[in-house]
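Asks: Chain order of the listed sequences is E and S.
The first sequence stops at residue 386 when you use our numbering, and every number in between is there.
The second sequence stops at residue 355 when you use our numbering, and every number in between is there.
Worth flagging that the hints you see were computed from the coordinates, not collected in a lab.
Where a beta carbon is used, it is the ideal one built from N, C-alpha and C, also for glycine.
Watch out, some of these pointers could steer you wrong.
[Said to hold, decoys possible] So the derived label-pair ranges between C-beta atoms look like this:
1) GLY59/E <-> ARG207/S: 31 to 37 Å
2) GLY59/E <-> ALA230/S: 50 to 56 Å
3) PRO331/S <-> LYS304/E: 27 to 33 Å
4) LYS193/E <-> GLU200/S: 30 to 36 Å
[Said to hold, decoys possible] Over 12 Å on every C-beta distance to chain S, these chain E residues come out as not near it, computed from the model:
5) ASP4
6) ASP17
7) ALA35
8) GLY103
9) ALA104
10) HIS157
11) LEU195
12) HIS202
13) ALA270
14) GLY300
15) ALA302
16) ILE366
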Amino acid sequence: MPRDVAVVGAGMSPFGDLKRTAKSLFAEAFSEAVASVDKGLDPAAIREAYVGNMGFGGGQIGNLAALMTEHARMLHVPTRKVENACASSSYAFRDAYLAVRSGAADVVVAGGVEVMNDISDVRKRFWLGVSGDTEWERLAGLTFPGVYAMMAARHMHEFGTTREQLAAVAVKNHANGARNPKAQFRKEITIEKALAAPMVAHPLGLYDCCGTTDGAACAILAAKDVAREYTDAPVWVLGSGAASDHLAVHDRESMTRLDATAAAAGAAYAQAGIAAKDVDVAEVHDCFTIAEVLAVEDLGFAAKGAGGRLAAEGTTARDGEIPVNPSGGLKAKGHPLGATGAAQVYELFLQLRGEAGDRQVANPEIGLAHNVGGSGATCAVHLFGR
Amino acid sequence: MGSTKAGIAAVGFCLPRYVLEAPGSEGVVQRSAPGFDEDPITMAVEAGERALAAAGTRAVDVLAYATSGTAGGGALVAEALGIDPARARDVLGSPDGGETALAGALDAAGSGTSTLLIATDAPEGEPHGAAAVALLVTPDGRVPWRRGTSPSLSAIRSRVGEAGAATVLLSFLTGVEPSDVRGDVDVVRALKGRATIRPELYEAVRRRGRSPPGTEYSQGAYVSPVTYRAEAKARYRLVGERCTACGRLHFPPREACLGCGAAAWEDAPLRRTGTVYAFTVIGKGAAPSEFLEQQEATGEYATAVVALDDGPRVAAMLTDVEPKAVAIGMPVRMVFRRLYTQEGATRYGFKFAPA
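So here's chain E without its partners, still in its complex pose (with noise of 0.2 Å):
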């Protein structure tokens, strides 16, 4: 019989340029994972551990996961990468979830990290593309945000979404980023500033666009039979569910629905037996402000074509309908490629629990963590419950 999961302890490190090493990063989020479980957890009980990384820069590519875990203090574990891009430590956290929830072991870790900015901008220039289509996209001088550019341009074609509404998502995820004290970029901004901002790729601005950024997150699940040892609180996962796509997105149906997003969101909404109108808060996958809209759309929160409107009429607010990034999204928290996912479930693990601080939604009772690889091949969607 499949158990039911808790989440029993997040934690995270700071996000941002910080000049850090990849396991001090880890080391320090699984340090606070452990703490916050309310009544203790002996890191030997873990039986499992899975690390999302994209490699980013190519330091320590390969057994990346025995070096993590080793400076975690866990030795003698069954440990791995998980990689699939940005989505990769949702990915971790999916294997560690399907790995309790199938009985093969009853408290496990799902992590990432990433250390983006301890190289040279020309070096950085190769490894930003890495996770697009190399052999076709990457051959006529796309870059990540030359994909999602042209996803935003075919959205204004479309259904005429205009640059004000790309800029109303990142003035709402920078003034929730300005709250949360981990986050990359901690300053709000304005309309005005983001539409005057230098173009990264037409019609994406500076501004459009989430930073490079170092960072790394932990969750740490138990299963249902042994989650009260540990804890009171647990943050139940209701659904998780995840998807592919085709890699280069000219060879996708769409160039404005990620159907990989769909298809995730659509196998976990089923697992859970909740719909979209159910989510009370959402941590979507902001890596650019169009992909928040796509997000929003393909998560059934707005119909196709309507998603520009929902942050500038406030609908996804911190004290909206339907609260999107309450920790400023990778947009203004920072998108540390293969700490994304884990950081989300970090979130929502605080959110659920009411610890969110300053950026706290009022009382949600159901989470969303959606987390994209590159420009959609990848997806993983996972849904919380108190």
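Fit chain S to the supplied structure of chain E, relying on the hints for placement.
Replies: Frame of chain E; chain S shown alone:
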């Protein structure tokens, strides 16, 4: 025995995108100048494509590639033209190479061998010129040739500069009766209205291939030569694949049919035209490292998803166009150009230019 009928049956030529205003000796007032993604190989492909399109056949026995430089290119040009690379011969290292190869081609035609001769040049070093000429020489071609039969040589040289192996043959075209041959021979018209190249860009083109510091070696997004060449027909000639089980068309090629899962294919050459489906402009400094050298020379560039007129979509860089002039729905046509140089190897492939 040689037939007296052997001669030139079809022609094509290519002048590069720009002219350089740089007067020189012997009455030279302008010199043809390649853009950043043009070189003797891309010009040879364009000239050859025009000659073959005019002839209505790709059945040639030999492809002769003549240039005054020492870098060969016949096999690559043949592959880009859909001709077996084993039929390619290079005639290198002499500004007379075009005439030498043409004399040989005419001899061979007398014995029944057809030759697509392509003379192409863009000499480095001092300002010279740039052009390519393709001549399809066949046993029943009507246009004869002898050395020294190019009356307009000085007139052409004054507008093209010294394009090595191609100059004399380009001049020769101006004396050919259009009714005697297939293909465009109106060199004089093509010389009009070309854009002037900025001196800095001209210098950058001459220096290209020397990667900026930090980009000499591939890192994260490497496409190996083996992987790249595995799909050369798609990259060079826009040839897709049709599933022989269900008929579904795929471009770029796939390992299994999206419609029925079969993996049996027949080549499907696609029309080289389409429209811009989506586009973006990659700002200065934002390009992938492979394109950093180009961007330093030419500034921001437009790149797109092109909806081909035969259905499939593909990502492609746009060229010969100001980024500000690009719009969704704009008609475009495929051109064969340089993409980038890495580890000393230049990758060629398709881009799209305004139709």
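Asks: Now tell me, hint by hint, if it's right for this structure.
Replies: Evaluation of the provided hints:
1. The hinted range of 31 to 37 Å is satisfied by GLY59/E and ARG207/S, whose Cβ atoms lie roughly 33 Å apart.
2. One distance hint, 50 to 56 Å for the beta-carbon pair GLY59/E and ALA230/S, is violated here, with the actual separation near 30 Å.
3. As the Cβ distance of PRO331/S to LYS304/E is approximately 28 Å, the hint placing it in 27 to 33 Å holds.
4. Hint check: LYS193/E to GLU200/S, Cβ distance near 34 Å, so the stated range 30 to 36 Å holds.
5. In this structure ASP4/E is separated from chain S by more than 12 Å, as the shortest Cβ-Cβ distance comes to about 37 Å.
6. Every beta carbon of chain S lies more than 12 Å from that of ASP17/E, the smallest distance being close to 18 Å; the non-interface claim holds.
7. Remark: the non-interface label on ALA35/E is consistent with the geometry, its nearest Cβ contact in chain S lying 36 Å away (cut-off 12 Å).
8. Distance to chain S confirms GLY103/E as a non-interface residue, since its nearest Cβ pair spans about 35 Å, more than 12 Å.
9. With a closest Cβ-Cβ approach of about 33 Å to chain S, ALA104/E is found to remain outside the 12 Å limit, as its non-interface label requires.
10. The claim that HIS157/E lies off the interface is violated: its Cβ sits roughly 5 Å from the closest Cβ of chain S, which falls inside the 12 Å cut-off.
11. With a minimum CB-CB distance of about 16 Å to chain S, LEU195/E clears the 12 Å threshold, and the non-interface call stands.
12. Consistency note on HIS202/E: stated as away from chain S, yet its beta-carbon is not over 12 Å from all of that chain's, at 4 Å minimum.
13. Here ALA270/E stays apart from chain S, with its beta-carbon at least about 25 Å from theirs, past the 12 Å limit.
14. Under the 12 Å C-beta cut-off, the non-interface status given to GLY300/E relative to chain S holds; the minimum distance is some 25 Å.
15. Every CB of chain S lies more than 12 Å from the CB of ALA302/E, the least distance being 21 Å, so the non-interface label holds.
16. Distance to chain S confirms ILE366/E as a non-interface residue, since its nearest Cβ pair spans about 35 Å, more than 12 Å.
Going through the hint list in order, the structure does not satisfy hints 2, 10, 12.
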